[in-house]
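Student: As a plain string of letters, each chain reads:
Protein chains: 2
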Amino acid sequence: MTAKEAIERLNDLELKEFAYGHAMGILSYDDETVAPKGSRIPRGKTMGVLSELSYKLSTGDEARAVLDGLMEHYDELSEEDKRRADLREKKMRELRAIPVEEYVAYSELLNDASNVWREAKNASDYKLFEPYLGKIIETQKRFAGLVRPDMDPYDYCLDQYEEGLTKEKCESFFGALRARIVPLLEKIKAVGPVDTSFLSTPFPVSAQRELTAKLMEIQRLPRDNCIVGEVEHPFTTGFSKHDVRITTHYFEDNFLSSMYSVIHEGGHALYDLHSDDRFCFTSLEGGVSMGVHESQSRFYENIIGRSREFVGLVYPDLIRLCPKLAAHSVEELWRAANAACPSLIRTEADELTYPLHIMVRYEMEKAMIEGEAKTSELPEMWNALYKEYLGIDVPDDKSGILQDSHWSGGGIGYFPSYALGSAYGAQLLHKMREDFDVAEAVRQNELVKVNHWLEDKIWKYGSLYKPAELMEKAFGGPFDPTFYTDYLERKFTEVYGL
Amino acid sequence: MTAKEAIERLNDLELKEFAYGHAMGILSYDDETVAPKGSRIPRGKTMGVLSELSYKLSTGDEARAVLDGLMEHYDELSEEDKRRADLREKKMRELRAIPVEEYVAYSELLNDASNVWREAKNASDYKLFEPYLGKIIETQKRFAGLVRPDMDPYDYCLDQYEEGLTKEKCESFFGALRARIVPLLEKIKAVGPVDTSFLSTPFPVSAQRELTAKLMEIQRLPRDNCIVGEVEHPFTTGFSKHDVRITTHYFEDNFLSSMYSVIHEGGHALYDLHSDDRFCFTSLEGGVSMGVHESQSRFYENIIGRSREFVGLVYPDLIRLCPKLAAHSVEELWRAANAACPSLIRTEADELTYPLHIMVRYEMEKAMIEGEAKTSELPEMWNALYKEYLGIDVPDDKSGILQDSHWSGGGIGYFPSYALGSAYGAQLLHKMREDFDVAEAVRQNELVKVNHWLEDKIWKYGSLYKPAELMEKAFGGPFDPTFYTDYLERKFTEVYGL
Chain A
1116 MTAKEAIERL
1126 NDLELKEFAY
1136 GHAMGILSYD
1146 DETVAPKGSR
1156 IPRGKTMGVL
1166 SELSYKLSTG
1176 DEARAVLDGL
1186 MEHYDELSEE
1196 DKRRADLREK
1206 KMRELRAIPV
1216 EEYVAYSELL
1226 NDASNVWREA
1236 KNASDYKLFE
1246 PYLGKIIETQ
1256 KRFAGLVRPD
1266 MDPYDYCLDQ
1276 YEEGLTKEKC
1286 ESFFGALRAR
1296 IVPLLEKIKA
1306 VGPVDTSFLS
1316 TPFPVSAQRE
1326 LTAKLMEIQR
1336 LPRDNCIVGE
1346 VEHPFTTGFS
1356 KHDVRITTHY
1366 FEDNFLSSMY
1376 SVIHEGGHAL
1386 YDLHSDDRFC
1396 FTSLEGGVSM
1406 GVHESQSRFY
1416 ENIIGRSREF
1426 VGLVYPDLIR
1436 LCPKLAAHSV
1446 EELWRAANAA
1456 CPSLIRTEAD
1466 ELTYPLHIMV
1476 RYEMEKAMIE
1486 GEAKTSELPE
1496 MWNALYKEYL
1506 GIDVPDDKSG
1516 ILQDSHWSGG
1526 GIGYFPSYAL
1536 GSAYGAQLLH
1546 KMREDFDVAE
1556 AVRQNELVKV
1566 NHWLEDKIWK
1576 YGSLYKPAEL
1586 MEKAFGGPFD
1596 PTFYTDYLER
1606 KFTEVYGL
Chain B
1116 MTAKEAIERL
1126 NDLELKEFAY
1136 GHAMGILSYD
1146 DETVAPKGSR
1156 IPRGKTMGVL
1166 SELSYKLSTG
1176 DEARAVLDGL
1186 MEHYDELSEE
1196 DKRRADLREK
1206 KMRELRAIPV
1216 EEYVAYSELL
1226 NDASNVWREA
1236 KNASDYKLFE
1246 PYLGKIIETQ
1256 KRFAGLVRPD
1266 MDPYDYCLDQ
1276 YEEGLTKEKC
1286 ESFFGALRAR
1296 IVPLLEKIKA
1306 VGPVDTSFLS
1316 TPFPVSAQRE
1326 LTAKLMEIQR
1336 LPRDNCIVGE
1346 VEHPFTTGFS
1356 KHDVRITTHY
1366 FEDNFLSSMY
1376 SVIHEGGHAL
1386 YDLHSDDRFC
1396 FTSLEGGVSM
1406 GVHESQSRFY
1416 ENIIGRSREF
1426 VGLVYPDLIR
1436 LCPKLAAHSV
1446 EELWRAANAA
1456 CPSLIRTEAD
1466 ELTYPLHIMV
1476 RYEMEKAMIE
1486 GEAKTSELPE
1496 MWNALYKEYL
1506 GIDVPDDKSG
1516 ILQDSHWSGG
1526 GIGYFPSYAL
1536 GSAYGAQLLH
1546 KMREDFDVAE
1556 AVRQNELVKV
1566 NHWLEDKIWK
1576 YGSLYKPAEL
1586 MEKAFGGPFD
1596 PTFYTDYLER
1606 KFTEVYGL
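In order, the protein sequence lines correspond to chains A and B.
The first sequence finishes on residue 1613 if you use the working numbering, and the numbering steps up by one all the way, no holes.
The second sequence finishes on residue 1613 if you use the working numbering, and the numbering steps up by one all the way, no holes.
Please keep in mind that the hints were generated in silico from the structure rather than gathered at the bench.
Please read these numbers as outputs of a predicted model, since none were measured by experiment.
Among the hints, erroneous ones may be present.
Chain copies aren't distinguished; within one or between two, either way the pair holds.
To be verified - Result set (DSSO-like, lysine-lysine): computed pairs, CA atoms no more than 27 Å apart in a straight line:
{"hint": "1", "residue 1": "LYS1564", "residue 2": "LYS1152"}
{"hint": "2", "residue 1": "LYS1282", "residue 2": "LYS1588"}
{"hint": "3", "residue 1": "LYS1152", "residue 2": "LYS1329"}
{"hint": "4", "residue 1": "LYS1439", "residue 2": "LYS1284"}
{"hint": "5", "residue 1": "LYS1205", "residue 2": "LYS1581"}
{"hint": "6", "residue 1": "LYS1572", "residue 2": "LYS1588"}
{"hint": "7", "residue 1": "LYS1206", "residue 2": "LYS1171"}
{"hint": "8", "residue 1": "LYS1581", "residue 2": "LYS1489"}
{"hint": "9", "residue 1": "LYS1302", "residue 2": "LYS1171"}
{"hint": "10", "residue 1": "LYS1575", "residue 2": "LYS1152"}
{"hint": "11", "residue 1": "LYS1564", "residue 2": "LYS1588"}
{"hint": "12", "residue 1": "LYS1250", "residue 2": "LYS1152"}
{"hint": "13", "residue 1": "LYS1588", "residue 2": "LYS1575"}
{"hint": "14", "residue 1": "LYS1256", "residue 2": "LYS1481"}
{"hint": "15", "residue 1": "LYS1119", "residue 2": "LYS1439"}
{"hint": "16", "residue 1": "LYS1588", "residue 2": "LYS1242"}
{"hint": "17", "residue 1": "LYS1546", "residue 2": "LYS1513"}
{"hint": "18", "residue 1": "LYS1256", "residue 2": "LYS1284"}
{"hint": "19", "residue 1": "LYS1302", "residue 2": "LYS1564"}
Model the full assembly from the supplied sequences, consistent with the hints where possible.
Tutor: Written out as structure tokens, the structure reads:
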């Protein structure tokens, strides 16, 4: 096989992998947005078949021949084809370590677990979900042992979402955050709360849908390639740069919830929408890791979206769509949107206490994977951690351990990406400011400047570089969480007039 | 291979075929209901890959071995497994006659054609769609020649949707219909129109959505297994008996449009929802042909839904949801819902003129397949046929040749099923009345009786029998279109007091 042939056969293989992933992705999107309850049975069957076929495709004779061909000509390959070869070797190693029956059974388990989690959350009854979570944890541990027997199992989980992330790095990172956030929260407590009561002003859902359209226009999300679905728990799914779906959930008495979820998911979407064209339908299309993905979404949500300039920018639309809000100034709204106060629900948490929610989940996941807690003890542990980290009592499973969908989808090791992404975002802001006046661009409704900068530094590269490498290129130096803690301190000092 | 092994391997093969069909079906449903415009590119790629893989699965070594095994033990097989073996042999013969590249290219062509048709319809510009229609016609002719060189090409097209239907049967059937419908329409013209002006009373879309829910309750459509989507051109898609999707389109000034489309699609859905459990995920699950399918949908829409008793049954909800309608009696509404008047749009046509719309399409399809008309001449031919059969002038392509989606999806030969289905329905009504008082059951909101009868005679059999065989069993004798023409004459004589 020549190098050229190897690449052609690689293109064909990756296109087939894309097709399986796309089909399974659409089945999941349909499930989350509209599918009737009974669809669980046929979807389980189809997911089982497709994941088996997809597994066989990625581990079969042709995949092996392609990998051999790539390795034989490795030195002749372009930078991007080298990366594709590396990713393929990694994928092959991981998949071949897991027996096909177990791989398929896990895919079926996750389909069931997602449905049961939803029922359990509605009933606020962890007991319903417990056996599924137990099996997910066992499977994750088993897969970690099979794929990377040399690696700590939780490090393996982290690495799935952020290549190279480890417990050790998390401990040091979270330690640095706690050391600055906890005293800052104490100071805020001492000066007393800002007024947030008017945030529950009734804002009709139809008007919120209009606001969504306006926000997408401000973020420059192309409607021909990006739609909005309505779901219980918002997420983004990018099938390709041509078709990315964001989702939201409207609450009449909490318009900021949907507003910031749209901006957050919009950040994810922009990243997926701007991979370089030459990566289409290859393993290099789309975001490289969850940490980098969350850096884009949380940058948009918090650093841009919760800035005074952004609040000022959307203010005329807010008071047009909900005239009662006109009784409050931009300044009041900005402060209210940044009120820092320990609360129960991660997705509704403010920017400052948010990392504490992540630390709770990080501790939970470590305990799950390291077998330090029985599944029956997990709710108790969750509640104790909320008391310790956030000082609040959890009244029930629905607003406690069952609040997030991640674990039901097998996403153990995902959560730390959110905090890491926030920190990446703060360092990106620092760097972006060296190039142009970010606040002024927001004020002038010129987010196109922000988008161009991010496209140039991050988005266009797709998965070409490893996450840490990509970020270091963008930062022009190593990652340093001090940019994040400095940013938080500066911002909340201003919000609370400390 | 033992008979038992052959059946086990057949089950596995059919489950995989189900999975591909399900995945492609969800991609199409997503396309029709929510997908952004740009999704066309990745969907085209994925459809191409999946249809190629699915083709290979159904024609490959394993499929051949399974078929050999089945044929070797044919005499030992149960009635249903014999039918599965026959269907498999037919499928294998058809697929193997078509080269894989052509099969895949056609699937990609149809993906593009559907999108272009939508654009062309919006722009009311047939020229945009013409090259796609031309390629579809050429491909259909070519496939007909490859698969059944012994058969008339248009007979082959008809047979795809109604096994055993031929041009000869169509000519005789349509001849019988024209002979009775045309004079009946003349008589109706002579007595003058019924009042239909109040049917455009504004009926808010949100209230129509409530009406849909009520209709689904009356039809006993289980919400856990059946949802309603909103689309341009309503259709039903059944993924399995656990998950069937109906769709509708709401017009504020024409509430009957959505009302009857929901009842129509509900009839399709009920059929798909009631295959016997043992057929799940096999080739016997779901309706056997489009003719039988349309017999269920058009039975529900017209024979049940446009009966005086049904109009009386929904009347209280109609005037609750749209109080202005209370100025009109049940009798007036029933007459208006049955007003017979030549019109432009098939899906909006009344029960009496409807078959004339089908005859136009039948003549068009014959001319397309038999090469009697150039694609550039088709709009002219369409317009001339509307003048001849319905006596009306077609103002533009949008309400002319571009009105239906069928041809853009490759559905040449489908339309005659609608008329055949209507005739099947009238003969079913005749038979049903021997068993119970159908009008009284409708009056008492006991459609469950109708459903049980249809389930017992039709639905539960899935695809176990050939369509003509199934219908003859249900009728207790041969098909006879006189039941249909008698039904039409009786009904319209009453509506118009002839």
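Student: Compare the structure with each hint and give your call.
Tutor: Right, here's what the structure says about each hint:
no., hint, in the structure
1, LYS1564 <-> LYS1152, "between (44 Å within a copy, 26 Å between copies)"
2, LYS1282 <-> LYS1588, "within (24 Å within a copy, 70 Å between copies)"
3, LYS1152 <-> LYS1329, "between (33 Å within a copy, 19 Å between copies)"
4, LYS1439 <-> LYS1284, "neither (47 Å within a copy, 69 Å between copies)"
5, LYS1205 <-> LYS1581, "within (13 Å within a copy, 52 Å between copies)"
6, LYS1572 <-> LYS1588, "within (8 Å within a copy, 70 Å between copies)"
7, LYS1206 <-> LYS1171, "both (12 Å within a copy, 26 Å between copies)"
8, LYS1581 <-> LYS1489, "neither (35 Å within a copy, 57 Å between copies)"
9, LYS1302 <-> LYS1171, "neither (57 Å within a copy, 68 Å between copies)"
10, LYS1575 <-> LYS1152, "between (39 Å within a copy, 22 Å between copies)"
11, LYS1564 <-> LYS1588, "within (19 Å within a copy, 71 Å between copies)"
12, LYS1250 <-> LYS1152, "within (23 Å within a copy, 40 Å between copies)"
13, LYS1588 <-> LYS1575, "within (13 Å within a copy, 64 Å between copies)"
14, LYS1256 <-> LYS1481, "within (11 Å within a copy, 63 Å between copies)"
15, LYS1119 <-> LYS1439, "neither (65 Å within a copy, 72 Å between copies)"
16, LYS1588 <-> LYS1242, "neither (47 Å within a copy, 51 Å between copies)"
17, LYS1546 <-> LYS1513, "neither (40 Å within a copy, 54 Å between copies)"
18, LYS1256 <-> LYS1284, "within (20 Å within a copy, 65 Å between copies)"
19, LYS1302 <-> LYS1564, "neither (36 Å within a copy, 71 Å between copies)"
Hint check: violations occur at hints 4, 8, 9, 15, 16, 17, 19; the rest are consistent with the structure.
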